[in-house]
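As a plain string of letters, each chain reads:
2 protein chains.
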Amino acid sequence: MSELTIIDRIRRMARNPGIGDDCAIFRPHAGEDLLFTTDQMIEDVHFLGVQKPAAIGERALARSLSDIAAMGGVPRFCLVALATPSAHEKWIEAFYRGLLRLANRTNTTLAGGDLSHAEKIYCDVMVCGAVARGKAIRRDGARIGDAIYVSGRLGKSWGRKIEPRLALGQSLVGRATSCIDLSDGLSLDLHRLCVASDVAAEIDRVPVSRGSTLERALHGGEDYELLFTLPSKSKSAAGTTRIGTMVRGRPGSVVFQGKPLVPRGWDHFK
Amino acid sequence: MSELTIIDRIRRMARNPGIGDDCAIFRPHAGEDLLFTTDQMIEDVHFLGVQKPAAIGERALARSLSDIAAMGGVPRFCLVALATPSAHEKWIEAFYRGLLRLANRTNTTLAGGDLSHAEKIYCDVMVCGAVARGKAIRRDGARIGDAIYVSGRLGKSWGRKIEPRLALGQSLVGRATSCIDLSDGLSLDLHRLCVASDVAAEIDRVPVSRGSTLERALHGGEDYELLFTLPSKSKSAAGTTRIGTMVRGRPGSVVFQGKPLVPRGWDHFK
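Chains as they are written, first to last, in the working numbering: chain A, 1 to 270; chain B, 1 to 270.
Pulled out of the complex, with its shape left as it was, chain A reads as follows (with noise of 0.2 Å):
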């Protein structure tokens, strides 16, 4: 098969006659900020080239949609650049089955894309999302004082579906002061979004997801719950667990039950 006829495939799946131009065409509403977030899935990296392709394909748009949720958009389309070995049309084809299936159900256009060829699988999904005018939430809007919250519970398997946590995200404009998605780790998460906002954080609980452990909520990555702060009078939302609270100190420290928590979540050049 060639490159026109699954670019073609593709095509029909996403009900899109647009893709093919060079560039998409987007039109944004008067009075939104746009919102651009893309994010990388690297076989032997990020999955396993025996992992299902639908799955894989799901979950790198969750992973960029769940960056679209942190700062409380709405998504509106995506570009997806993939790379693959030869062979793998039919591969190709559910990769983009799984991807698509979750793009319909959070109203995700697929606008366009790339695709190529490469040894290992290899993929980059740009999302969009668009929020009203100056109503981003931000990592830096943390004050002294605030309440920091977590979605869901934190620890979790590593290959199970991601739920982007649009709806929550959404529901926060207007009312937190700051917001992260938990990507890397809660403990150096946390320690971005309070170097980002001048502060520091202590925190006495985390909520453990079942069969996991202390230690995995705290350091392990890929929850992809979202992390935020309110002023501490204000009620949060059903699902959400206080975590802590914003205090003044060493900005980007954190204490947890007493004692310095040394961010040692994900990175990827160590």
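Accuracy of the hints is not assured; some may be wrong.
Treat identical chains as interchangeable: a pair holds within one or across any two.
To be verified - Here are the simulated DSS-like pairs of lysine-lysine, each with C-alpha atoms no more than 27 Å apart in a straight line:
1. Lys-120 with Lys-90
2. Lys-135 with Lys-235
3. Lys-120 with Lys-52
In short, the hints are calculated from the structure, not lab data.
Position chain B against the provided structure of chain A, taking the given hints into account.
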């Protein structure tokens, strides 16, 4: 050097303190459509690991800018996904230095990206451009009788510097009936443009790059010149050559000097 340190260094090189949030925030101008394109560059497929990283970075951005040029867009910002073997900090910096040189020259903000590791070097550059509402030049607007043009000379050597034809593309807005950038070879890209526009083409001459061959000018990829059509009586721009005319016939078929020209430019899956 840790991932945080590398990202901090890139943030300073890009002079964009916004880099580091989950998403880049972009505020669109009123009355504009946005254009999005993404292009992969993969070690041993699009370049060799021994090539200079600054040249690879510049080329990675240039390829995507060429797509923006083809639709008449003005570049706004880019997202850069990069994966390298773990010990490549100096390589990463040089890659970004080359990319940012072209980004600055073309007013393209480096708005964010993703950094990971992989056995081979891999990158994917997404560029957003803007064009007046409804004015993007597409592939599907060529009409029977239109004159076919290319910019520059074709069949250029692979390793050279790419100069994306942004000014030419912008000057064609409202004038060209269709446009595509020559990334996969004239025979394949002209075939694609004809298929999209539902027309056939007759070409009788091709400007061949000095030291190259007609064969390479017809079928070689990576020229990154613009192929476009104008109504028969329009004047074209300097540095462009009329190579033929759109005619009635089987959509997508191309005749060169009286003989069928089979599309056999670059196909990643052949």
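Going down the list of hints, with the structure as the test:
Both within a single protomer and between protomers do Lys-120 and Lys-90 lie at most 27 Å apart by alpha-carbon distance, with minima of 16 Å and 24 Å respectively. In the homo-oligomer, the alpha carbons of Lys-135 and Lys-235 lie at most 27 Å apart inside one protomer (19 Å), although the nearest pairing across protomers, at 48 Å, exceeds that limit. Taking the shortest alpha-carbon separations for Lys-120 and Lys-52, both the intra-copy value of 15 Å and the inter-copy value of 23 Å come in at or below 27 Å.
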